[in-house]
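Visitor: Spelled out, the chains give:
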Amino acid sequence: GQNIDQPTEMTATEGAIVQINCTYQTSGFNGLFWYQQHAGEAPTFLSYNVLDGLEEKGRFSSFLSRSKGYSYLLLKELQMKDSASYLCAVRDRGNTDKLIFGTGTRLQVFP
Amino acid sequence: GAVVSQHPSRVICKSGTSVKIECRSLDFQATTMFWYRQFPKKSLMLMATSNEGSKATYEQGVEKDKFLINHASLTLSTLTVTSAHPEDSSFYICSAISGRTPNEQFFGPGTRLTVL
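Top line first, the protein sequences correspond to chains Y and R.
Numbering of the first sequence is given in the working numbering, commencing with residue 8 and proceeding in unit increments.
Numbering of the second sequence is given in the working numbering, commencing with residue 149 and proceeding in unit increments.
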């Protein structure tokens, strides 16, 4: 079956660094995505990993280990506006391009 | 960046009626569109994959006669919730893939459906 796990909730302080983990067990793998979603809004794309290693994009970085079925999203210099849900999604292998979403992690940033 | 719109943004209807939700790619042609539903404080659940000119592929457990999907053109897909019931109340989100950037799904702003 398909299983993608993330912590349900996390809290952090403004200016700090936070790491959100994602573990997955899927029948196929063709890339892992991270999305940010504010309440009542659509998800917005943050990062994409298909090969092992770290992808850095400004304050956000994402890491992937395919052998371990593991990824993390690293947020640096946290700002209040980073309070949101963070969704890990795995793209299924094949030509469907469909994404299987994890449970999502609600991050609350405090001053 | 690519823009996807949804209409309506909110709809309230009586039990037993049907509701149509539109998903449009505004500045690109979408080879594939997806429909998701999301319950409060939960993640997105894929309902179906829609390709222009062909029948939608539904995920296991999603009733195709209940959730009718029509992908009439490369910029428009519609989801019709037929004979809606209160348990169909949810946040419905569509996404689209452009042939030029196949690694990214562009999400619409979502439609909040409330069935009384």
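Read the hints as simulated data drawn from the structure, not as lab findings.
Any given hint could turn out to be false.
Mimicking EDC-like on lysine to aspartate or glutamate, the simulated pairs with C-alpha atoms at most 20 Å apart in a straight line are [stated by the list, open to error]: (1) R:162 with R:235; (2) Y:75 with Y:12; (3) Y:83 with Y:63; (4) R:190 with R:200; (5) R:190 with R:207; (6) R:189 with Y:59; (7) R:168 with R:211; (8) R:168 with R:235; (9) R:203 with Y:48; (10) R:190 with Y:84; (11) R:189 with Y:99; (12) R:189 with Y:12; (13) Y:75 with Y:89; (14) R:190 with R:213; (15) R:190 with Y:16; (16) Y:83 with Y:99; (17) R:189 with Y:63; (18) R:162 with R:207; (19) R:190 with Y:62; (20) Y:75 with Y:48; (21) R:190 with R:236; (22) R:190 with Y:12; (23) R:168 with R:236; (24) Y:64 with R:252; (25) R:212 with R:235; (26) R:190 with R:235; (27) Y:88 with Y:59; (28) Y:64 with Y:89; (29) R:168 with R:200.
Computed from the model, here is a short list of chain R residues facing chain Y with C-beta under 10 Å [what the hints assert, rightly or not]: (30) 154; (31) 155; (32) 156; (33) 176; (34) 177; (35) 179; (36) 180; (37) 189; (38) 190; (39) 191; (40) 192.
Only a predicted model underlies this, so the values are computations on that prediction, with no experimental measurement involved.
Note that CB positions come from ideal geometry on N, CA and C, so glycine has one too.
Visitor: Would you mind confirming whether the straight-line C-alpha gap from residue 190 of chain R to residue 200 of chain R stays at or under 20 Å?
Guide: Violated, because 29 Å separates the two Cα atoms, which is more than 20 Å.
Visitor: Given the hint that residue 189 of chain R pairs with residue 59 of chain Y, test it: the Cα-Cα distance must not exceed 20 Å.
Guide: Between residue 189 of chain R and residue 59 of chain Y the Cα gap is close to 30 Å, so the pair fails against 20 Å, i.e. violated.
Visitor: Given the hinted pair residue 83 of chain Y and residue 63 of chain Y, is their Cα-Cα distance within 20 Å?
Guide: Measuring from Cα to Cα gives roughly 11 Å; hence the hint holds.
Visitor: For a C-alpha distance cap of 20 Å, please report whether residue 75 of chain Y and residue 89 of chain Y respect it.
Guide: 28 Å, violated
Visitor: Per the CB criterion, is residue 177 of chain R less than 10 Å away from chain Y?
Guide: 15 Å, violated
Visitor: Holds or violated: residue 190 of chain R with residue 207 of chain R, Cα cutoff 20 Å?
Guide: 18 Å, holds
Visitor: With 10 Å as the cut and Cβ atoms as the points, is residue 179 of chain R at the interface with chain Y?
Guide: 9 Å, holds
Visitor: Can the restraint linking residue 162 of chain R and residue 207 of chain R be considered satisfied, given a maximum Cα separation of 20 Å?
Guide: 26 Å, violated
Visitor: Would you mind confirming whether the straight-line C-alpha gap from residue 190 of chain R to residue 84 of chain Y stays at or under 20 Å?
Guide: With Cα atoms ~27 Å apart, residue 190 of chain R and residue 84 of chain Y exceed 20 Å; violated.
Visitor: Return the status of the interface hint for residue 190 of chain R: holds when the least beta-carbon distance to chain Y is below 10 Å, violated otherwise.
Guide: Given a least distance of 7 Å, the restraint on residue 190 of chain R holds.
Visitor: Below or equal to 20 Å on CA atoms is what counts here, so check residue 168 of chain R against residue 235 of chain R.
Guide: 17 Å, holds
Visitor: If you take the shortest Cβ to Cβ gap from residue 154 of chain R to chain Y, is it below 10 Å?
Guide: 8 Å, holds
When each numbered hint is compared with the structure, violations occur for hints 4, 6, 9, 10, 11, 13, 14, 16, 17, 18, 19, 20, 27, 31, 32, 33 and 34.
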